[in-house]
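Engineer: Using the hints provided, position chains B and C relative to the given structure of chain A.
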Amino acid sequence: MAKIEVRGLGKAFARNSVLSGLELTIEDGEFFCLVGPSGCGKTTLLNLIAGLEEASVGEIFFDGRPVGALGPRERDVAMVFQNYALYPHKTVRENIAFPLLVRGLPKDEIRSRVERMAELMGLSQALESRPAQLSGGQQQRVALGRALVRQPRVFLMDEPLSNLDAKLRAQMRMELKKLHQDFPVTTLYVTHDQEEAMSLSDRMVILKGGAPQQVGTPMEVYENPANLFVGQFIGKPPMNTLEAVVEGSGLRIGSQLWPLPDSMKAALPSRVTVGLRPEHILLEAYAGEGICGRLELIEPMGAETWAELSLGQERLLCRIQGKTGLALKSQVRLRFEPGAFYFFDAQGRRISRPAS
Amino acid sequence: MHGPPPPVFGMNIGRVLGVWVAALFALWSLAPFLWQVQTSLRPDEYLARLPPLLPPRPTLAHYRAVLADPTFLRLVVNSLGVGAATTLASLLAGGFAAFALAQLPARGKGLVLGLTLSVSMLPAVALLAPLFLLVRALGLRDSWAALVLTHTTFTLPLTLWTLTHFFKEIPRELFHAARVDGLSAWQTFWSIHLPLSKGGIAACAILNFIFSWNEFLMALTFTTTDASRTVPVGVALFQGLHETPFGDIAAASVLVCLPVILLACLFQRGIVAGLTQGAVKG
Amino acid sequence: MRRSTATLWLGPALLLIAATAVFPIVVTFWMSLHRRFPIFGVNEYVGLANYVHLAQNPRFLRSAAVTLSFTLVSVAVEFALGLACALALRRDFRGHRWILAVLLIPWIVPTTVSARIWEWIYNGNFGLLNYLLLRLGVIAEPVVWTADVRLVLPAAMLAEIWKTTPFMTLLLLAGLKSIPQPLYRAAAVDGAGAWTTFLHVTWPQLKPMALVALLFRSLDSIRVFDVVYVLTGGGPAGSTETLSVFAYKKLFQSLEFGYGSAVGIAVLLLSAAVSALFLLCMGRLRPSSA
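Chains as they are written, first to last, in numbering that gives the first Met the number 0: chain A, 0 to 355; chain B, 0 to 281; chain C, 0 to 289.
For the record, the hints were derived by calculation from the structure and aren't laboratory data.
Being a predicted model, the structure only gives us computed values, none of them experimental.
Every residue, glycine too, gets a C-beta built ideally from N, C-alpha and C.
One or more of the hints may lead you astray.
Simulated pairs of lysine-lysine, DSS-like, Cα-Cα distance not exceeding 27 angstroms [claimed, not checked]:
hint: 1; chain 1: B; residue 1: Lys167; chain 2: B; residue 2: Lys108
hint: 2; chain 1: A; residue 1: Lys2; chain 2: A; residue 2: Lys235
hint: 3; chain 1: B; residue 1: Lys108; chain 2: B; residue 2: Lys197
hint: 4; chain 1: B; residue 1: Lys167; chain 2: C; residue 2: Lys176
hint: 5; chain 1: B; residue 1: Lys197; chain 2: C; residue 2: Lys176
hint: 6; chain 1: A; residue 1: Lys89; chain 2: B; residue 2: Lys108
hint: 7; chain 1: B; residue 1: Lys197; chain 2: A; residue 2: Lys89
Residues of chain B clear of chain C, computed beta-carbon distances all greater than 12 angstroms [as the list claims (entries may be wrong)]:
hint: 8; residue: Thr58
hint: 9; residue: Arg63
hint: 10; residue: Leu66
hint: 11; residue: Asp68
hint: 12; residue: Pro69
hint: 13; residue: Thr70
hint: 14; residue: Gly138
hint: 15; residue: Glu168
hint: 16; residue: Gly198
hint: 17; residue: Ala201
Next up, chain A with everything else stripped away, as it sits in the complex:
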């Protein structure tokens, strides 16, 4: 097991910079997610840590030792891939045994370790099958088994669940989490799905255009996004944004003036972007007072309801517990949870909330 440090890491393909100046520390035994939209450089970062690609600049350390010159074999990493990358010409048994075989372990030990792993993964019946005969979920388990059987220093996963259907994905997510509790190996997990990152990670980094936007625990990045991108990327449905002008007694949003305490106003520039999480908005029937919107759309989700409001030109999505009880196309009044307002400047940077 290892602590991983990434220092000043950069990677360019044919003069196209994919990553630059990346600094990251992943603690020993941590489940760490690399999350971001496609093309953000997360898979490249994973490949660099695996030793499958060479960094253009910078260095990676495992437990304080530089590994830049080492191949994947010497780094002792294991990896699970998006398409599982099982050897199609080998049986399940041979697939799981392969990394042990390559390392020249004695036959008996390989056999017992493979069988133990197969039992753990629920694959005992499928040991002699070939990958093509297995379901997606089973193939995924074989890939996990092949990676785990070696007890590597670092465990790397590249979107391992993205090819599974929704139900299986949720189930495998839980199994992964349990596995990590049983084998607390340092794990780097690449995903584009913020929900997966939230549910799995001890900590995560949100990447955009090859640059880290924020590092933190799931709750930290949710409650305290460093910028508009993180605010909108984390959370489902995503954070609402409203363009506002700061005026005498509050915020001018569309044609309405939203009241704001002076202590909050003091820290704001004249124009701001307001971020509002859907779950922080409360709706009630409009009685001629407060901030008013029109209920345009209602999407019942069962336990909760999503409602879309219009405020002049602006659109706002709200997430309400249970049913709304409000009529479609009616006027509603908006209320907010305490601390619901996030402010961002013209560059999308978070304007930190004054202590109150």
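Structural biologist: Below, chains B and C alone, put in the same frame as chain A:
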């Protein structure tokens, strides 16, 4: 979805016609060869006589004569040896290169593939004189090595193209998985890429062998005695038809066709795939 | 993969190609600028004199004409036959596999063997061709096919066509099979007949593959050597002497390495010109089909 057009109402005539046309082509392809077969079975006294169309008393005498001739057997051994070595050499060199090409960025790859493709289109006669001098300078005249070397030059491009295509089909992730599992690039080549490209390798091997088995111009130029002379040269150098036993030539030519015809029947699918691969993908 | 490692993997192939193709081409060109008779120890630089002489040499001009007409006629006939055969074979039927295997036979038989086969069929006294034509009453008396200057070139062409039509067929068949089937359903729904379908669906879709097949076969045919050399030796009276046969005789029979090399380069230039022509056609095809 690809394939022949769906049967359209009223197209049955076309279908029946198709079968007949195909059968006619098959007959046309087979007939000259069959004629040679019957010639090889004609007793000497019927060789210079037509009619009868078919020999009244077919004989295996010509085959016995050819098979008892040490020269003929020597030619066959030479051809088999050169063919096998050429196949192996171009699979190895082509396989290694294809392995690198399948992973290289597009730019360098285009250059190498373009170069090899243009090599395969070179007229051999434009290379012949320097190759002759080279072979002589290396002391390889009248040796298998000279033929293996020059035949490989011409089989390499197709091998390289086909194997590059096959290797590219192998997902990159699989290569990465093998690296992470602890394999060196060298081991990955042998234990992942080769086993997963069996079909392409078989097709290349057969086509390479057929090329070498049939090649004439270089074999003619670089060989002087039976020590390395191959079958096509032997067949061509049989003396003119007035002095020579044409029955023996016919028997010999049928015999030397057997290995390749056997290959064609056994691996017809692979040959067709290998032949058309380059053209379709290139 | 690192660049240095890639070079290592590419090494054997590149080395071989450099040593046995690229380097020889350069040397051939260099030698073509010389008057060179190795046996007499003659080797002097003469610039383009060999080429100038070639341009005035009737034997060279005739062999160029022979090569071109040989290529034009055989490739055209092969294409027509190959297309017919490929269209006949595009639908699977019982025995399809076996027909394909049989079609392969002419192509995989050594060319020298097929030349011998045809030599025997063309035989003036007891050849099959004369026998059949006499029986059918097409000719009144036996013809010596390989000795008649008017008949020998077509005879060589026929042997070549027999040998290489399978290659054409297979390439065109692959092209036909890669045409998306929904196009045919659409054409059928639109009420297109067989001919209209061929003209508006099959042919435009097949064209790129047809060009590739024609290119491959043309280049092969331009450098034709085996079939002519064995069947006729270039004769009678040079009537079937192709450029490759001419070059070979200059190089290894009269041992004029400089002059023979110039002929070799001429074949190369002819191939290059034909390739360029085809690539131009293909390039024009691409934007319209995209």
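Engineer: List, from low to high, the hint numbers that the structure doesn't satisfy.
Structural biologist: 2 and 6
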